[in-house]
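The listed protein sequences correspond, in order, to chains A and B. Each residue of the first sequence is one higher than the one before, starting from 1 at the first, in our numbering. Each residue of the second sequence is one higher than the one before, starting from 1 at the first, in our numbering.
One should not assume that every hint holds.
[Claimed, not checked] Ranges of calculated distance between the beta carbons of each label pair, as one might list FRET restraints:
hint : chain 1 : residue 1 : chain 2 : residue 2 : range
1    : A       : Asp915    : B       : Arg59     : 15 to 21 Å
2    : B       : Val104    : A       : His1041   : 45 to 51 Å
3    : B       : Glu386    : A       : Asp915    : 26 to 32 Å
4    : B       : Ile85     : A       : Asp268    : 49 to 55 Å
5    : A       : Ala277    : B       : Asp106    : 45 to 51 Å
[Unchecked claim] Some chain A residues near chain B, calculated using beta-carbon distances under 7 Å:
hint : residue
6    : Pro892
7    : Val895
8    : Arg900
9    : Ser913
10   : Ala916
11   : Ile918
12   : Ala921
13   : Ile998
14   : Ser1036
15   : Gly1045
16   : Ser1050
17   : Pro1054
For the record, the hints were derived by calculation from the structure and aren't laboratory data. Where is the CB? At the ideal position from N, CA and C, for every residue including glycine.
Each chain is listed here by its residues.
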Amino acid sequence: MFGEYAQIATYLPSTRDPSGAGDYSVSGLPPHLLPPPPIAQTQWAGGGPGRRGRGHEFLDSINSMDDFVMVAEFSEIEGPKPVLTIPKDAGSNIDQNALSVKLMAVDHQTSSEGFSISEDTQVVLSDDESGVSAFVHHFVLYDNQARGFVRPYCMVFISSDIRKIIMFYEELSSQFKRAARFLKYGNRLLFVKDLERHLQDLEHTKGYLLNQVSRMRLRDTDGDGPESDQSKSRNSAENELYKGLQNIRQSTTEIRDILSILKPLLHDQRLESRFRALEERAFHRGNEDAARAEKLSLQEDWFADNVYSESTTNVALSGSLKESSISPVSLFKKAPSHTPLLVETKKAKRFNSPLRGLHELCSWGAKEGLRKLRCIHEYFKKDAMVLEIEKNESRLMDPASSMILHGQCVTSNVLAGVSMRGSSLCLSEDSTSILLSADRLRRWPSIASDDTLESFKSVDSYLSIQDDENASLYSFASNNSSQGVTTSASGQDFMSAPTSPMTEEVAFPPQTKPPSNATPVVSSPSAPVAMPGHITNQDLQNQNAEFSPSSSVDPPKALNCSASASQSYSSSSPHVVKVTHSTSKPNNGGMTETASHNTNTSFGSAETSTTQKLSSLSERLQDQNSDSRLQICGDKEDQKVLQEASDAETKDNSAGSPDSGASKIAEIFHQAVLDDRQGGELSRSNSETCSNVSNGGAGVADKSGGRAPSFVPLAVMTPAQQIRAAQAKKRSGSNSLSSSPEKMVDSSPRSLDRLRLELTGSFKSIASSSPAQTDDSWCDIEAFTDSTCNPFPAYTPSPDSCTWKPRHGVYTAGDVINSIGPGRPGYGIHEVLTTYTNLHSVVFSLMTGRTVLVVGSAKMELEVTKIVTALTIFLPDTKRKQHSVVEWMNRPLKVTDLTRIRLAGICRSEKRSLDATIPTAVKQYSTLMDVERRMILGPQYQGTMLNSVLQQKKSFRTDAQHVALIHSWLMEIGNKAFIFYHSFCLGEAGGLTQSHSIEKHREQYNTTICSLMNRLGVRDHDITIVEYLAEKVKQSQLEPHVWTGVDKGSIVHPLTVSSRGSHTFRC
Amino acid sequence: MSMLQRIFGSSPKEKEKSAETQVWANTLEAEQPHNPYNELLLLHHHSDIVRLLLKIDDRRFVSAGDDNKAVIWEVQYGRKLATLIGHSHPITSLLLLEPRKDSVDDYFLLTGSSDKQIKVWDVESGQCKLTLTQHASSVRCLVSLMDGELFCSGGEHISVWNQSGALLSSYHRKPEEEDICLMIAITNYRLVTAADKDLVVYSVISVVTKDGSDAKEIIKVRRLPSHREAIHSVVVISDSCFGSGSIDGTIILWTAHNLLPAKQFNTVSEYQGVTKGFPYSVQSLFCVQERYLFAAIGTGFCVFDVAPGKERLLVRKLEAHYSKISHLGFACEGVYLVTCSEDGSIRIWGRPPADGADAEGKELLTMSPMERFTGMSDIELLQINEDKVWSPQLLGECLGHAGTVQSFLDYDHEGLVSCGADGLVIIWKNAEMQKVRRNQTVQEILLNCDGIV
């Protein structure tokens, strides 16, 4: 294929045509969010179909090619050839033989003398002309019938999107390694067995030959006399025998050698037991049905891909009957005693016998390995964007207890990446690495705060500090990840707030920084604690990062800087600071103080400096909220996206941005100035912005603070970014992906950027996955959530077989958007939103835990079910344990149902009145949506948050777009809940009983909440929405502690009954 | 004829009813901003009517009902601590016995059942310690005497037991008499029992037997003049006084000393018999400060001042519910009056919210319960007369039970526990309070635990 279409390739415009890529760079998207440029471009740039030549058609076919997995081997008889593909008929438009040749054109085996274990190799190949890329894993299987005992194989993941392979290289690599492990281990077990048998054969043959020799000798002595021809023939026969014996001895030593090398490697108990279980199950089944046992086969068809979509009974029958002679290769079962065979000693090798197949070579290992490959395919066939979103969001799934879900899709996690140990906070190792590996780290220019001003009275003092960077006074710790990222430090002014576990980027202000900060050293004081922000406006930071046209600091420098700067780092806001691996003393006093400050402000007591800061924070937050571009967001990488998503409607600020990095920076900078609404001079606005960045984390910076007007914030590329950029560059090597380093940095993975694309409707591939496929995968997932009822679980992917598989039935946005289809939460949301009006009350009810009942008569069942499915997307939940959604129910509701059911379709019985189905108590605590009468009976919604989503119903056309919008919107709310959770619920104020009287307590509590929420820009009824999320998390966290040792079914979930006055709306 | 007959005169009843009905609609705001109970825990274990609730301590309570089971619950999260299974008939009475002073035992819980047994349970473990079968008839009520050293069981007969469950004495009543359904202990180890319309007083006396050991004996002291109809509530008002209420609507105060009727509050002028369903039946009585008697009368409730010589009506709320009130009591340290009714609702009554500002300065704790409830000082209370009764405001309605709400227990700030004919036990809580409690616990878990589980 690769060569064949060379002429076509020349016919095509160059794939590296910058103008072609320009179309996409305009939107400033990270590479993984771009549609595949080379092919897509020709497709789109080309005229009508008539104008297209053969090449276009070919490219179209390539473009439409689904990713597939192929296994190929270098057959000693036929040369390189494909063995199988997953799915079975994949890659039909590709010359697989040619591909195999290219793939197997590798000699990775060690060329040392004798037998040795050769290491696997992995390589990424790409073909610019055809636009096909491949991730190849070469490995060697052993076969005692093969030449040199080796059978070179490779497993390939073939995709038309190189970025997928580049971006997920590590995942692919580790997954393929696991698949190879299965294959190889099974193969070795079998090989050893074969060899041992062969050894027996040799012994037997040896005995036979020796016997013959002795008989010959006997005949010799018994013979009448030497006859020349007789002795000649006898001699030659004897020679023959000796030669044979010699061969046998040689083979025996060789085999013993091999065994001595291989046997010590076979100690993987887990794999062995797994295989054993498989075998036992297979034979057990066989025993049940003797006739079938005969047919039990390891044939290729047995593993046919279509079995996945078929019911298990079909699976059982689909075992191939073609070659019943091939019985299952038993690895463990005691074989009936082996009758040694005579070994042909004369011919060293025969090449006429067919080589053994993969299943014969690996037995159960092949089964497991191929299953793994199938999983790999299942997972990686998704769009790169989807994968990226999943990757980014999968970190939200840990720890599970603090996860917030909406319609089974994870939207937030208040403790993701946060670990609390004692009273000090730190990032857990794991989460750190996740964060770091995601390359989301950035450094931001540091900003002045008043506290820092105090700390750095003069340049001199600052310099002295810098000089004395190891001074014990300023204890600090830095977590130097492999990517050289610095994390925060703590010092005198550092008040760690254990109550607010957040990773914060902290801005360190060089108050007295000389304007000439061109050199890294000078710029360093402004360096950074670079952790992905939980609170801070990432967007701002991004902008800041882009402000700096120039300097990037090398890691060690940055480290020092952060260290020296850290001493001035003060954090007094309630939601503060995170220290990775802090050596500083856990500052309990600091905590209390912080918290009490918070309380104070909440109650409007005397204005301390802290309260000023807080108020400035709140102002800022309000500002940010009033300006959709500058919304405060939580720890999501996606916040930029969120903002952009909300921007999308208001102003498309990035659409016209030029593609060159510099002008883009200028543009955004300009934008920032405008957005800031502080007007005035550049540096001023800039520092304003920045100070508010730090506000998010540290609650610093009184705006009135006199800071040097000449101060220009610096943006520094983090080492991580540099490394990443470099890596990306390196990896992209020969591939067609052309992206400048700046660009890579600029657009480091922000998964939801793609969502935004989706929102703006410029990219539609999301919805392209076929519904049928979706169903299948859904079924599969269902299958292993419920594997007990699966009679033959070997056919379903086991939970550990996929890379980011849904846990507890929880999905990521990528997954949901990718596979939206009938039955999935959110399916039909577009239709529901456009069909029904006034859904505010319903959505509000859902989001505040008030049960929503969709009522319709029996004939409306489909409609009701559809509404229920669609609305599920709004339903907040924590770990998915119980079914809070009932699509359709006939029985009368009880009050006890309210604790469980949050959304249900209710059948309006012809005979009974609705009141009989829904008792008064239930009715009072739930919102009714009558589909037939088009009436909604529910609380009046007074807020603004819902409007932004519900008013968008005309902007989008598909469910996927809506789901993406809603998801990003929910994430935004999740971020607010995050802040609320950490600042209030975990703060001291949250634990105060305000008054002895319930009435007063309630009043004051609500006032506190209100003032806090107002700072987050959450008002009126929206407060309930955010608070409810935090409550859900709290309850989920309490559960394992409160209910230890209690039967799961008897856990009592509190039911909040905000009996707001119900109103009737038309819908 | 009582002075109250005028007030409860039947003539304006119908008009009043409609007027009162309107008043609810007006008073109960849709959002119920003053309803303290806005979070509820539904405890679902019983399979039949739950009739009885008993507070064990600040943390635990027990519920029992017609499904022959009693369940011990924890009140903060609604955890089920133990299920007491053993009776073969509905449990009719509960009694908590404090452990002996010298022992380390937890409380003992006594359950009396229609299966003629009394079982003694260890509250901590939920184990049945003892089964007393000598009562020999259906047990209807249990009362403790002499600071818990003795307890009495009533039914067809009366038995007195010591703390270890040994039967000390039995009094056999005539078989034609109705079973005793209510029993209270008054001074001098006397028991007032109510069986249908009759009140009979018994006394537990110590006798020295021939062998010199101390024994108890029950003797009948006196049968009191009958009520016209069955007695549904008996209450101890003070050492010198107790009261009884009948379903015909009369409440009689009795002197404890000489067992004579001291005062009769009659709310009905014309006798309304079975045909009318006893619209003014006195279902529940309770007394605070030894002078304010709260009575659930039909669908409404009244508060009487029973201080000798000052008897008067303080509060009158007719038509407080749609159906008869089954139980009433104070909640949240007397800030609220709670009534539960056969209509399935629990209603919260209290002083109008605006009055809250007045009592601001005063510490709630220093106030007497009545002051807390009405927001008026004792002196102001004295000025209330029957022409100008004080009217509590409906602050909230708790709807949750699907049938009659049988009873409730007040846990002050922890909430309110109610049980109903639908087999549900509901803990009503204040969401804001609970949120703070959860914050505290989460903080504890997250900040003190070694990492997050």
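The hints, checked one at a time:
1. Asp915(A) and Arg59(B) have their C-beta atoms about 39 Å apart, which leaves the hinted 15 to 21 Å range violated.
2. Between Val104(B) and His1041(A) the Cβ separation comes to about 28 Å, which falls outside the hinted range of 45 to 51 Å.
3. Under the hint 26 to 32 Å, the C-beta atoms of Glu386(B) and Asp915(A), about 41 Å apart, miss the expected range.
4. Between Ile85(B) and Asp268(A) the CB atoms are about 51 Å apart, so this pair conforms to the stated range of 49 to 55 Å.
5. The hint said 45 to 51 Å for the Cβ distance between Ala277(A) and Asp106(B), and at roughly 49 Å that hint holds.
6. For Pro892(A), the suggested interface contact is broken, since its CB lies about 10 Å from the closest CB of chain B, more than 7 Å.
7. Hint status for Val895(A): holds, given a least beta-carbon distance of 5 Å to chain B, under 7 Å.
8. Using the Cβ-Cβ criterion of 7 Å, the hint placing Arg900(A) at the interface with chain B is not satisfied: the shortest such distance is roughly 10 Å.
9. Taken as an interface hint, Ser913(A) does not check out: its beta carbon lies about 16 Å from the nearest beta carbon of chain B, beyond 7 Å.
10. With a cut of 7 Å, the hint placing Ala916(A) at the interface with chain B is violated, because the nearest CB-to-CB distance is about 12 Å.
11. Hint status for Ile918(A) relative to chain B: violated, with the closest Cβ pair at about 12 Å, above 7 Å.
12. Checking Ala921(A) against chain B: minimum C-beta separation of about 4 Å stays under 7 Å; hint holds.
13. The closest approach between the C-beta of Ile998(A) and any C-beta of chain B is roughly 4 Å, which is under the 7 Å cut-off, so the hint is satisfied.
14. Hint status for Ser1036(A): violated, given a least beta-carbon distance of 10 Å to chain B, over 7 Å.
15. Contact between Gly1045(A) and chain B, as hinted, is not supported at the beta carbon level, the nearest pair being about 10 Å apart and thus beyond 7 Å.
16. Nearest Cβ of chain B to the Cβ of Ser1050(A): about 6 Å, under the 7 Å cut. The hint holds.
17. The beta carbon of Pro1054(A) is positioned within 7 Å of a beta carbon in chain B (closest approach about 5 Å), and the interface hint is therefore held.
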